[in-house]
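Dock chain W against the given chain V, drawing on the hints supplied.
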Amino acid sequence: MLKFTEDHEWLRRDGDEITVGITEHATEQLGDLVFVELPEANITVAKEDEVVVIESVKAASDITAPLDGTITEVNDAIVDNPALVNEDPLEKGWFFKMTLANPAEFDGLLDEDAYKALVE
Amino acid sequence: MTTETLERTPLHALHRDLGARLVPFAGYEMPVQFPAGIMKEHLHTREKAGLFDVSHMGQIRLSSRSGAIEDTARALETLVPADILGLAAGRQRYALFTNDAGGIEDDLMIANHGDALFLVVNAARKAADSAHLTATLSDHCKIEVLEDRALLALQGPAAEDALATQIPAVRDMRFMDSRVLPFGDGRALVSRSGYTGEDGFEVSVPADAAEAFARRLFAHPDVEPIGLGARDSLRLEAGLCLHGQDIDASTTPVSAGLNWAIPKIRRSGGARAGGFPGANVVLSETPALRRTGILPDGRAPVRAGTPLHAEPDGPAIGHVTSGGFGPSCGHPVAMGYVPANLATPGTPLLAQVRGKFLTAATAALPFITPTYKR
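Residue numbers (this note's numbering), protein chains in the order written: chain V, 174 to 293; chain W, 87 to 460.
With the rest of the complex left out, here is chain V (with noise of 0.2 Å):
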């Protein structure tokens, strides 16, 4: 199942681990990316730590962890290659995966109507 920040994050959760990546809405915002800088793994993070910076031709952009958690795995290939994400954000372009502190959060974000209804 999806979900979605307000930052324009999506969050699709599989047992206890979600992966994190932005949406297609924000690649098309942000325009080209050329740059990716993901967070070490095994780090703890709290909802709205800067986590990952993106540059795209045009600009910087810190993404923020969604909730509390602990970062289990980055997405190195986006290191390499940035236009991942824009070409394909919601699979190959994820940018890293976590454990929720509190894993019942998850539930309280926006569902994939209540984010569309947020960028319409």
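Rather than coming from a laboratory, the hints here were simulated on the basis of the structure.
What you are looking at is a predicted structure, and each value in this text was computed from that prediction instead of being measured.
Glycine is no exception: its CB is placed at the ideal position from the N, C-alpha and C atoms.
Restraint ranges, calculated between C-beta atoms of paired labels, are given here:
#1 W:Pro401 <-> V:Asn215: 32 to 42 Å
#2 V:Glu223 <-> W:Ala374: 34 to 44 Å
#3 W:Glu230 <-> V:Lys289: 47 to 57 Å
#4 W:Ser370 <-> V:Asp222: 49 to 59 Å
Simulated crosslink set (DMTMM-like; lysine to aspartate or glutamate; CA at most 25 Å straight-line):
#5 W:Lys126 <-> V:Glu197
#6 W:Lys126 <-> V:Asp261
#7 V:Lys265 <-> V:Asp284
#8 W:Lys442 <-> V:Asp235
Chain W alone, transformed into the frame defined by chain V:
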């Protein structure tokens, strides 16, 4: 600034039709990019031809009350350290409006159209420039801001072929030629120049004919619309200054590395030495800082405002004035100011980005090889 207060160019409706993302720029609502995006637009311009709307820039016609072009040239030379008396009819030159401190109030193009000089100035400076011209030259010259004309830039290796379908005479022009050519019922003011490092043209046409003209150019298979985003990355790779960012009222021509724009005849010992605002500063200074290219080692763009250090525990010794990713270079590129003794290309530097010191080096400009048709 709200959109209600923004001015629109004669191509505004066309931008909308083409799906542009419009942003406020210098008081105008301008396309920052089209659906292709900045990266593709940039590369397309270098490979084929890009059409830019630069109608927000100021177009000024300057003529002398005596009717003699020499009098117009002589008058303008009191404001710019350039050789305007020596500018032949049909030719164009880059110049700088200086202030009394030797700073750069604006950079501009000056063309000799035989009966008058034609000036193209930056959008953000056009009101100040025309006020400056009026305050200083109106006793001897007529200053006409051409509000009823659009300005389009067609840049890239296919620019000549595409523009020649509309104005065949452009094939005979070379770099920095500027001509008044028949165009429909009126006239086009065409220069072979631009702001990308590519061969290309800037074409001034009557505002009411601009959209149809642009649509005819888009009918050429090699021509695509290009926004201000790619215009910025193209000019950065070409090492060209943006006024308000790389040069401004507090930077001098020598510090900015623009002394090539000051010919011998206007320098000390020249036949018409000095005689422009700030000449005593401009002609004698040894500036502490010099503008240089900066090549970051890694993949992280190093942007305007980034402090530059010689060593991590030392003070900032300079700063970046323009920087980003260079799509044709395939890596980040930047320019900025460093102490003159560190401006030699290849000098290592550190750029402080998000608290980290990223390695970089000074580099010769431009980052690409220009393809001007000389």
